[in-house]
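K.L.:
Based on the sequences and whatever the hints tell you, model everything.
Quick note, the sequence shown lines up with residues 545 to 752 if you use this note's numbering.
It should be emphasised that the hints constitute simulated quantities derived from the structure, not laboratory data. A hint or two may mislead.
Claimed, not checked - Mimicking DSS-like on lysine-lysine, the simulated pairs with C-alpha atoms at most 30 Å apart in a straight line are:
no., residue 1, residue 2
1, 594, 607
2, 607, 744
3, 607, 620
4, 620, 633
5, 744, 634
6, 662, 633
7, 662, 744
8, 620, 634
9, 606, 620
10, 606, 594
11, 620, 744
12, 620, 602
Claimed, not checked - Computed spacing ranges between beta-carbons, pair by pair:
no., residue 1, residue 2, range
13, 616, 733, 50 to 58 Å
14, 671, 607, 53 to 61 Å
15, 600, 703, 46 to 54 Å
16, 600, 672, 31 to 39 Å
17, 733, 651, 51 to 59 Å
18, 595, 568, 21 to 29 Å
19, 562, 591, 47 to 55 Å
Given the structure is predicted, the values throughout are model-derived calculations rather than measurements. Glycine is no exception: its CB is placed at the ideal position from the N, C-alpha and C atoms.
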Amino acid sequence: MAKKSNFSFNSLHTWPAALTLIIGLLIIALFVILAKQFLINPIVDEITSKEGQISTQKQEYKKNQEIIATLPQIRKEIVELEIVRDEAKKYLPTEISMPALIDNVYISARNNGIVFDKFTPERDIDREFYTIKPVSLNAEVGYVSMASFVEEVTTLERIMNVESVSFRANNSRGGRNAEFPRNENTPITMTAELRTYIFKDDEDSTSN
Numbered sequence: 545m546a547k548k549s550n551f552s553f554n555s556l557h558t559w560p561a562a563l564t565l566i567i568g569l570l571i572i573a574l575f576v577i578l579a580k581q582f583l584i585n586p587i588v589d590e591i592t593s594k595e596g597q598i599s600t601q602k603q604e605y606k607k608n609q610e611i612i613a614t615l616p617q618i619r620k621e622i623v624e625l626e627i628v629r630d631e632a633k634k635y636l637p638t639e640i641s642m643p644a645l646i647d648n649v650y651i652s653a654r655n656n657g658i659v660f661d662k663f664t665p666e667r668d669i670d671r672e673f674y675t676i677k678p679v680s681l682n683a684e685v686g687y688v689s690m691a692s693f694v695e696e697v698t699t700l701e702r703i704m705n706v707e708s709v710s711f712r713a714n715n716s717r718g719g720r721n722a723e724f725p726r727n728e729n730t731p732i733t734m735t736a737e738l739r740t741y742i743f744k745d746d747e748d749s750t751s752n
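P.N.:
In structure tokens:
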């Protein structure tokens, strides 16, 4: 007659050893899965995020170090540019001296026998650090007078550039479209634009 089994599900001590081992392993596996899901994975994600931040910070630090390394050279270049600017300002007018410069141009023309049909300061052309002051002019001049006038304008103490200039023949026979005259005393029509420049800080100082 077979021996009756004493196994009871509610009595752990009656379980077979193999079943007890299997159940124990399943419980351990479940704990491992839960721990990985709710404890280990978030920590790994946080570590990965921190590593990304550290990498970014290292790149920023390297970039900043490169910038810091170039600062002495940048400062040197700024000083050199300021010296060049200050030197250039010696030859450029200010808002206060601009009328005197216009008068000098006009006087140079009169000294060379030039009477302008047009001598008009035009609208200012604004730039970031300076303002362009254009002057349009038109006159009938001879070769010698024109050459002397242009030379005097370009050698004024304050810079006045001849930005553009054009000439037209003005013969009595052929009209304005006639062949360009070769006689140095024959008048020609000169149209030109003069330009000078004023630094913005000079404008600000004169307005205060």
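K.L.:
Compare the structure with each hint and give your call.
P.N.:
Each hint tested on the structure:
A C-alpha spacing of about 20 Å is found between residue 594 and residue 607, which places the hinted pair at or below 30 Å, so the restraint holds. Taking the CA atoms of residue 607 and residue 744, the gap is about 34 Å. The hint is violated against a cut of 30 Å. In summary, the hint linking residue 607 to residue 620 is supported, as the alpha carbons are separated by about 21 Å, within the 30 Å threshold. About 20 Å separates the Cα atoms of residue 620 and residue 633, which keeps this hinted pair within 30 Å; it holds.
Restraint check for residue 744 and residue 634: satisfied, since their Cα atoms lie roughly 14 Å apart, inside the 30 Å limit. For the hint pairing residue 662 with residue 633, the CA-to-CA distance comes to about 29 Å; that is within 30 Å, so the pair holds. Using a Cα cut-off of 30 Å, the hinted pair residue 662 and residue 744 holds, with the two alpha carbons roughly 28 Å apart. Using a Cα cut-off of 30 Å, the hinted pair residue 620 and residue 634 holds, with the two alpha carbons roughly 22 Å apart.
In summary, the hint linking residue 606 to residue 620 is supported, as the alpha carbons are separated by about 23 Å, within the 30 Å threshold. Proposed proximity of residue 606 and residue 594 is supported: the alpha carbons are some 18 Å apart, at most 30 Å. Note on residue 620 and residue 744: the hinted pairing holds, with a Cα-Cα distance of about 23 Å set against a maximum of 30 Å. Pair hint residue 620 plus residue 602 holds up; C-alpha atoms about 28 Å apart against a cutoff of 30 Å.
As the Cβ distance of residue 616 to residue 733 is approximately 57 Å, the hint placing it in 50 to 58 Å holds. At roughly 32 Å, the beta-carbon separation of residue 671 and residue 607 lies outside the given 53 to 61 Å, and the hint is violated. Distance hint for residue 600 and residue 703: a CB-CB separation of about 51 Å, consistent with the stated range 46 to 54 Å. The hinted window of 31 to 39 Å between residue 600 and residue 672 holds, with their beta carbons roughly 34 Å apart.
In this structure, residue 733 and residue 651 break the distance hint of 51 to 59 Å, their C-beta atoms being roughly 22 Å apart. Between residue 595 and residue 568 the beta carbon distance is about 37 Å. The supplied range of 21 to 29 Å is therefore violated. Against the hinted window of 47 to 55 Å, the Cβ-Cβ separation of residue 562 and residue 591 comes to about 40 Å, which falls outside the hint.
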